[in-house]
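J.: Listed below, chain by chain, are the residues.
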Amino acid sequence: MSHPIISVRNLHKWYSGVHALKGVSLDIYPNETVGLIGDNGAGKSTLINILSGVQLASEGEIHLDGKPVRIRSPRDAMDLGIETIYQYNSMVPTMSIARNMFIGREPLKFRLFGLGVMDHKQMAAESTDAIAGAGLHLRSPDALVGELSGGQRQGVAIARAMHFKSRVMILDEPTNHLAVKETKKVIDFVRSLKDLNITGIFISHNIHHVFECCDRIVAMARGEVVLDKRAEDTSMDEILDVL
Amino acid sequence: MKRLLKIYMEKPELAALVLLVLLVILFQVQSGGVFLSANNLRGILGILPEIGLMVIGVTILMICGEFDLSVGSVFALMPMVMAVLMADGTPFILAFGAGIAACAAIGFVNGFLTINYNIPSFITTLGMLFIARSLTIVISGGFPPLLPNDLPNWLFTVFVGPGDLFRMSFVWFVVIAVLASLMMSRTNFGNWIRATGGFLPAAQAMGIPTARVKIACFMLCSMLAGFAGMIQVLRLGSPLPSIGEGWELQAVAAAVIGGTALSGGIGAVLGGVIGAILIRVIDNGLVLSQVDANWFKFAIGFLTIFAVVVNSWLAKRAKAIKVET
Ligand SMILES: Nc1ncnc2c1ncn2[C@@H]1O[C@H](COP(=O)(O)OP(=O)(O)O)[C@@H](O)[C@H]1O
Ligand SMILES: [Mg+2]
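If you're matching them up, the sequences are chains A and B in order.
Letter by letter, the first sequence follows residues 25 to 267 in our numbering.
Letter by letter, the second sequence follows residues 1271 to 1595 in our numbering.
Hints may be right or wrong, so weigh each one.
Result set (DSSO-like, lysine-lysine): computed pairs, CA atoms no more than 27 Å apart in a straight line [stated by the list, open to error]: (1) A:Lys189 - A:Lys209; (2) A:Lys145 - B:Lys1276; (3) B:Lys1281 - A:Lys145; (4) A:Lys218 - A:Lys253; (5) A:Lys46 - A:Lys189; (6) B:Lys1272 - A:Lys145; (7) B:Lys1272 - B:Lys1589; (8) A:Lys218 - A:Lys208; (9) A:Lys91 - A:Lys133; (10) B:Lys1589 - A:Lys209; (11) A:Lys91 - A:Lys189; (12) B:Lys1589 - A:Lys205; (13) B:Lys1586 - B:Lys1281; (14) A:Lys145 - A:Lys133; (15) A:Lys205 - A:Lys133.
These are calculated hints, taken from the structure and not from any lab test.
Since this is a predicted model, take the numbers as computed values, not measurements.
All chains, please: the whole structure from these sequences, using the hints.
T.: Structure, rendered in structure tokens:
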């Protein structure tokens, strides 16, 4: 078997009084899709937020391609090729699709200390391509994200993650609040990650969804990993048992 | 066509612009043509930059999702700092630097306290409103110092333009408004400001330094207010410690009338500018129409509420216009 792309060692996280992660260790291998499952409050989002730089671990190590890395901000994670699609949606409703695609990573015509004039043409062209590439049918990248349906928004978030050539794509409960048809689309997308050479981490508390699109299943409960098996080696009953 | 209609209805500054045109026509007719006479325009355009510059900063800060009640006091403090320093023999340019630095410091404190201690900016800047006003009076020593007579009035207050229609301050206002507008629409920093105010968690998740963006907006807001105050003092010729009282609310009203949402993420510099013009036009138009001056505040209040209602109605109608997305 190949070497893990991400390995997490003994990760702890305290929120003042709450011990949300109690020494989590996990290896994720290239091009596999891992389903992370657990009840509300199990610590899934906390683990993911640490990997995506939104929160800092209290203790523990993260290795990428075998090398220790420090992920101190979302920007660090993105620069390492880790893109995250959040449950609450990582889009600004009052801004256009094109502007949302490039928040924080705007192509600039020239720059001075990181600030500069955006290249609107490039933004429009690239977001049109990215949207089409993700199989979305949106007429104009100038439409406000607030006008899109929940599924379309997740589609744009996925298009954004793909546009920036992510190596690891994390989806934290991306199907919450989605209609059945839109949920199916997202699940199909997760299943297709392998063909795109992207390693996936799919978080859900719906056990059926995870079995539909993941190679490996990791279950968390009360801040610990309680089960880690290939999908074909376990069953829904076994997972429900440990949760 | 439908798409175009939708786009215009979604522009929050539209309602204010329509209202402005209607009011100008009304006042022009009512005053028998005096309203748009060169003499009267000179009056309006002479004062407009002072509230207008303040409104630009307030608008940008509101788009960023924050709020500043201290601008009226900073408006008085900045020129007072300058006047006190100049009375001690400090040259204008150094006094100006010190005044702007004081404004930047106030903006920084406003932003730092708001973000670090997670206090609503309404509260931090309300505190600063009193503090800055008090400092203004304290450093004035009870009565305003005399301004030296070698001030660069040619740069700020002399009349220029065709028929001496406006003052130099108007040129500053236009240039700064255009730059601020371009910053919001064309630069990545403008994108960050709108994202920070539009949906903070998304902006943070996309790696935008939201705390720094907000603090920068607080500082910009204070500096513009101080700069505006200096222009008024140069026009009046004396640094009164009471100037700008109540202006913080007029500035918020102008921004809101121009379509900026208190909740952040929505609005435009142009809208704020139109709102500021509206306020000046109403003030002047009421005087010309010989209406009791006490109706001025009524009109501003009515307009603020009216603009928000119209905007929310327009937004709802625009949403109802289904175009393919
Ligand atoms: N920002 C936070 N501050 C304090 N406690 C938190 C925070 N985020 C999560 N927690 C707590 O940490 C635990 C794990 O939460 P979370 O990682 O969101 O779980 P999950 O995503 O599996 O539902 C919960 O007890 C939750 O209340
Ligand atoms: Mg969660």
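J.: For the pair supplied as a hint, Lys1586 (chain B) and Lys1281 (chain B), is the alpha-carbon distance within the 27 Å limit?
T.: holds, 12 Å
J.: So if I understand the rule, the pair passes when the alpha-carbon distance is 27 Å or less; does Lys1272 (chain B) with Lys145 (chain A) pass?
T.: Given that 27 Å is the threshold and the Cα spacing comes to 24 Å, the pair holds.
J.: Quick one, are Lys145 (chain A) and Lys1276 (chain B) close enough, alpha carbons at most 27 Å?
T.: Holds, because 22 Å separates the two Cα atoms, which is no more than 27 Å.
J.: Quick one, are Lys1589 (chain B) and Lys209 (chain A) close enough, alpha carbons at most 27 Å?
T.: Holds - the C-alpha atoms of Lys209 (chain A) and Lys1589 (chain B) are around 26 Å apart, at most 27 Å.
J.: Lys189 (chain A) and Lys209 (chain A): Cα distance at most 27 Å?
T.: holds, 21 Å
J.: Is the Cα-Cα distance between Lys91 (chain A) and Lys133 (chain A) 27 Å or less?
T.: violated, 35 Å
J.: Does Lys218 (chain A) pair with Lys208 (chain A) here, judged by a C-alpha cut-off of 27 Å?
T.: This hinted pair holds, its Cα atoms lying about 17 Å apart.
J.: What's the verdict on Lys145 (chain A) and Lys133 (chain A), does the C-alpha distance respect the 27 Å limit or exceed it?
T.: This hinted pair holds, its Cα atoms lying about 10 Å apart.
J.: Run the distance test for Lys1589 (chain B) versus Lys205 (chain A): straight-line Cα separation, threshold 27 Å.
T.: Holds: Lys1589 (chain B) and Lys205 (chain A) sit about 23 Å apart, inside 27 Å.
J.: Lys1272 (chain B) and Lys1589 (chain B) were given as a pair; does the straight-line alpha-carbon distance stay at or below 27 Å?
T.: holds, 12 Å
J.: Decide if the proposed pair is consistent with the structure: Lys218 (chain A) and Lys253 (chain A), CA atoms, cutoff 27 Å inclusive.
T.: Holds: Lys218 (chain A) and Lys253 (chain A) sit about 18 Å apart, inside 27 Å.
J.: Are Lys46 (chain A) and Lys189 (chain A) close enough, with their CA atoms no more than 27 Å apart?
T.: violated, 32 Å
In summary, the structure is inconsistent with hints 5, 9, 15 from the numbered list given earlier, while agreeing with the others.
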